[in-house]
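Q: Starting from the given sequences, assemble the full structure and let the hints guide the process.
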Amino acid sequence: MSRATFFMRECPTCGRRLQIRVEYLGRAVRCKHCDAQFVACDPTIAHTDSGDSLLDRANHLLESYDSRRYHPR
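Going by this note's numbering, the first residue of the sequence shown is number 7, and it counts up by one from there.
Don't read these hints as lab results, they were simulated from the structure. Keep in mind that the hints are not guaranteed to be accurate.
[As the list claims (entries may be wrong)] Listed next, with one range per pair, are the computed distances between beta-carbon atoms: (1) Val45 x Thr11: 17 to 25 Å; (2) Arg23 x His66: 28 to 36 Å; (3) Asn65 x Asp41: 27 to 35 Å.
For glycine and all other residues, C-beta sits at the position ideal for the given N, C-alpha and C.
A: Written as structure tokens, this is what we have:
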């Protein structure tokens, strides 16, 4: 029996952490907490279509990490 591989992602609506199967990347999924629908994508992978430079994206991710660390929900 094979074990599923997951990645962690926050729901863009409620912010709760979700484990999403790798098989669902690129598909529409629903948050089990708030029932919001969004496309499963790994936020650790830089997206080139956003127009942000890699450095801007890294700074944004660091700022969001710091704000969660100092102001937990």
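Q: What hint numbers does the structure not satisfy?
A: Result: hint 2 breaks, nothing else.
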